[in-house]
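Asks: What follows is each chain in one-letter form.
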Amino acid sequence: MSRTDHTLPPRPGRLRNRLFWIGFLALFGWCLYDFGFSPQRIWQGLGRLGNVLSFMFPPHLWTEWVQIREILQGLGETLAMAFLGTLLGALVAFPLSFLGARTINRMGWLRFGLRRGFDVIRAFETLILALIFIRAFGLGPLAGVLAIAVGEIGVLAKLYAEAIENSSARPVEGVRAAGGSVPQGIRIGLLPQVMPVLMSITLYNFESNVRSGTILGIVGAGGIGFLLSDRIGAYRWDEAWSIIILIVAMVYLIDGLSAWIRMRLIRP
Amino acid sequence: MTPAVVKNSFGRYAGVAESLQSGGMEPNMLSLAGLSRAFGDTRAVDRVSLDIPEGQFVGVIGPSGAGKSTLLRLINRLVEPTEGRIRFGARDVTGLRGRALREWRRDCAMIFQQFNLVERLDVLTNVLVGRIADHGLLSSMAMRFSDAERTLAFHALDRLGLAHKALERAGNLSGGQQQRVAIARALVQRPRVMLADEPIASLDPGNATRVMDALRRINREDGLTVLVNLHTLDTARAYCDRIVAMRAGRVMFDGTARQLTPDVVRDLYGTDGLAEIDEAVTSTSLRRLEPA
Numbered sequence: 000m001s002r003t004d005h006t007l008p009p010r011p012g013r014l015r016n017r018l019f020w021i022g023f024l025a026l027f028g029w030c031l032y033d034f035g036f037s038p039q040r041i042w043q044g045l046g047r048l049g050n051v052l053s054f055m056f057p058p059h060l061w062t063e064w065v066q067i068r069e070i071l072q073g074l075g076e077t078l079a080m081a082f083l084g085t086l087l088g089a090l091v092a093f094p095l096s097f098l099g100a101r102t103i104n105r106m107g108w109l110r111f112g113l114r115r116g117f118d119v120i121r122a123f124e125t126l127i128l129a130l131i132f133i134r135a136f137g138l139g140p141l142a143g144v145l146a147i148a149v150g151e152i153g154v155l156a157k158l159y160a161e162a163i164e165n166s167s168a169r170p171v172e173g174v175r176a177a178g179g180s181v182p183q184g185i186r187i188g189l190l191p192q193v194m195p196v197l198m199s200i201t202l203y204n205f206e207s208n209v210r211s212g213t214i215l216g217i218v219g220a221g222g223i224g225f226l227l228s229d230r231i232g233a234y235r236w237d238e239a240w241s242i243i244i245l246i247v248a249m250v251y252l253i254d255g256l257s258a259w260i261r262m263r264l265i266r267p
Numbered sequence: 000m001t002p003a004v005v006k007n008s009f010g011r012y013a014g015v016a017e018s019l020q021s022g023g024m025e026p027n028m029l030s031l032a033g034l035s036r037a038f039g040d041t042r043a044v045d046r047v048s049l050d051i052p053e054g055q056f057v058g059v060i061g062p063s064g065a066g067k068s069t070l071l072r073l074i075n076r077l078v079e080p081t082e083g084r085i086r087f088g089a090r091d092v093t094g095l096r097g098r099a100l101r102e103w104r105r106d107c108a109m110i111f112q113q114f115n116l117v118e119r120l121d122v123l124t125n126v127l128v129g130r131i132a133d134h135g136l137l138s139s140m141a142m143r144f145s146d147a148e149r150t151l152a153f154h155a156l157d158r159l160g161l162a163h164k165a166l167e168r169a170g171n172l173s174g175g176q177q178q179r180v181a182i183a184r185a186l187v188q189r190p191r192v193m194l195a196d197e198p199i200a201s202l203d204p205g206n207a208t209r210v211m212d213a214l215r216r217i218n219r220e221d222g223l224t225v226l227v228n229l230h231t232l233d234t235a236r237a238y239c240d241r242i243v244a245m246r247a248g249r250v251m252f253d254g255t256a257r258q259l260t261p262d263v264v265r266d267l268y269g270t271d272g273l274a275e276i277d278e279a280v281t282s283t284s285l286r287r288l289e290p291a
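If you're matching them up, the sequences are chains A and B in order.
Position one of the first sequence corresponds to residue 0 (numbering that gives the first Met the number 0), numbered consecutively onward.
Position one of the second sequence corresponds to residue 0 (numbering that gives the first Met the number 0), numbered consecutively onward.
Heads up, some of the hints might be wrong.
As the list claims (entries may be wrong) - Listed next, the stretches of chain B that the computed footprint assigns to chain A, with coverage defined by at least 3 CB atoms under 8 Å from CB atoms of chain A:
#	region
1	104-117
2	179-192
Said to hold, decoys possible - Not everything, but these chain B residues come out facing chain A in the computed CB check (under 8 Å):
#	residue
3	Leu77
4	Arg101
5	Val128
6	Gly129
7	Ile131
8	Ala132
9	Leu136
10	Met140
11	Met142
As the list claims (entries may be wrong) - Here are some chain A residues the structure puts well away from chain B; computed CB gaps all over 10 Å:
#	residue
12	Leu60
13	Phe111
14	Phe136
Quick caveat, the hints were computed from the structure, so don't treat them as lab data.
Heads up, the beta-carbon is just placed ideally off N, CA and C, and yes, glycines get one too.
Input sequences plus hints: build the corresponding full structure.
Replies: Set out below in structure tokens:
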């Protein structure tokens, strides 16, 4: 195919590629060795896993109302924590995001400071925030709600600010050219563009908080996770499995519902 | 080389004579005196002086980057001048701030090449945006407009043949319809001057004609001063009482369509070896499509 008849020069990347793979395999092998992976251990573990899984059948069915109510309350509490945490986070993130958006806030130092602040908050995993808030506010859903809310401020403010920056400046210019003030330009020219996007982002984060909300319960910050860790701790694996199945069903339902709403929101 | 009609009114309003002269001036004359705007080292608009009497239909032509768009934005004060003055009648527009600036923008409506509508809002609300200068923060946060304003907006739409689209989303309309919505929005501002920045550059010939006809009708029926940037020479010739040509930020021709000779056009666009500029090449008009 080639019209030139001299041979190609050796590819300079060859050696580097080989060294990379050798380094990669060495690291992988060392990790396996250091953590004590051995086929024997894996095999034993699989055996016990099968044991644990076998408790799933038949799943435990609660018969007394008191028990059913406890489980439902746990599920409801997780949902409520995710809802309230996301909402509180969104309420704080919304005004902050305008100050963090390049197209709105022309004061570079303030914008930069805020953006770095969002980054610092995002560096804290919700779980770590929950452990901190449990120390301060005690065990229970309040610590969980605050952990979600604070974590969401960092995430949502960043995502909102990006959505605002990606919006078109033309409608805002149109409002300003008609004699509108800066806030009027934002309200009429900008918000109708970005609101559906912001709502969609918020819903998506609510979904993900329902999922992470179950973990918060395990460290004692309220919700269904607390019941789950309690059952596991007491070796009541049949009940634990039923709770896990319910959590999966709830997350699945919320995901579907939220995906449906988001589709309708962002439809142009 | 230099056309005979270039006006030079530098310094006309300088000094003590200014206040005396403005008294004797036409009440709603739009006057630009030595108006300049620099972006870094480039002077986008370079000492432009123009007097535009009330009710004139003025076309601004010139190559891309000549400063036409900046000139219009300077007049509407979307861009701040680096030097020079803008006056409207006895009113000095150059230094207006806050409330007074918003009122000037209301009186000096502007339409854009890309229409600048809020696509997710309905057409009527977009037209009502033209009333925004008279609204405080609270009523505009709720986007509430009075019945009288809604009627006014509806009439403006009706005048542009778009009453039946009032409740549709602006983004669903065609380009030509969106531009007419933008004109309706400008009309409810009850302006004295209408600025149009390349209003037909994104439109097909049929819609371009409709938009230009609408501007002409407003000019004739309401007596509004119209200042329109165009890049199609035959459109400028067909609609404008007066043509102002800009190059590199400066006004290099100011006269009637008849005075805009092929020599002037060559000078203006710098034809680099082209024998002549065929105006039909860039034309968006319908008449040109018919066999001669």
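Asks: Evaluate each hint against the coordinates.
Replies: Do the hints match the structure? See the list:
Only when three residues or more bring their CB closer than 8 Å to a CB of chain A does the claim for the region 104-117 of chain B stand; here the count is 10, and the claim holds. Counting residues of the region 179-192 of chain B whose C-beta sits closer than 8 Å to any C-beta of chain A gives 4, which meets the bar of three, so the coverage hint holds. A least Cβ separation of about 6 Å between B/Leu77 and chain A falls short of the 8 Å threshold, and the interface hint therefore holds. With its C-beta approaching chain A no nearer than about 4 Å, B/Arg101 sits inside the 8 Å limit, and its interface hint holds.
Hint status for B/Val128: holds, given a least beta-carbon distance of 6 Å to chain A, under 8 Å. Annotation: interface hint on B/Gly129 holds; nearest CB of chain A at approximately 5 Å, less than 8 Å. This hint holds: B/Ile131 has a C-beta 4 Å from the nearest C-beta of chain A, less than the 8 Å allowed. With 8 Å as the threshold, the beta carbon of B/Ala132 comes within range of chain A, its nearest partner Cβ sitting at about 3 Å, so the hint holds.
For B/Leu136, the interface hint holds, the least distance from its beta-carbon to any beta-carbon of chain A being 6 Å, beneath 8 Å. Here the hint on B/Met140 is kept, as its CB sits about 6 Å from the closest CB of chain A, short of 8 Å. With its C-beta approaching chain A no nearer than about 7 Å, B/Met142 sits inside the 8 Å limit, and its interface hint holds. For A/Leu60, the requirement that its beta carbon stay farther than 10 Å from each beta carbon of chain B is met, with the minimum near 50 Å.
Against chain B, the non-interface label of A/Phe111 holds: every CB pair exceeds 10 Å, the least being about 24 Å. With a minimum CB-CB distance of about 35 Å to chain B, A/Phe136 clears the 10 Å threshold, and the non-interface call stands.
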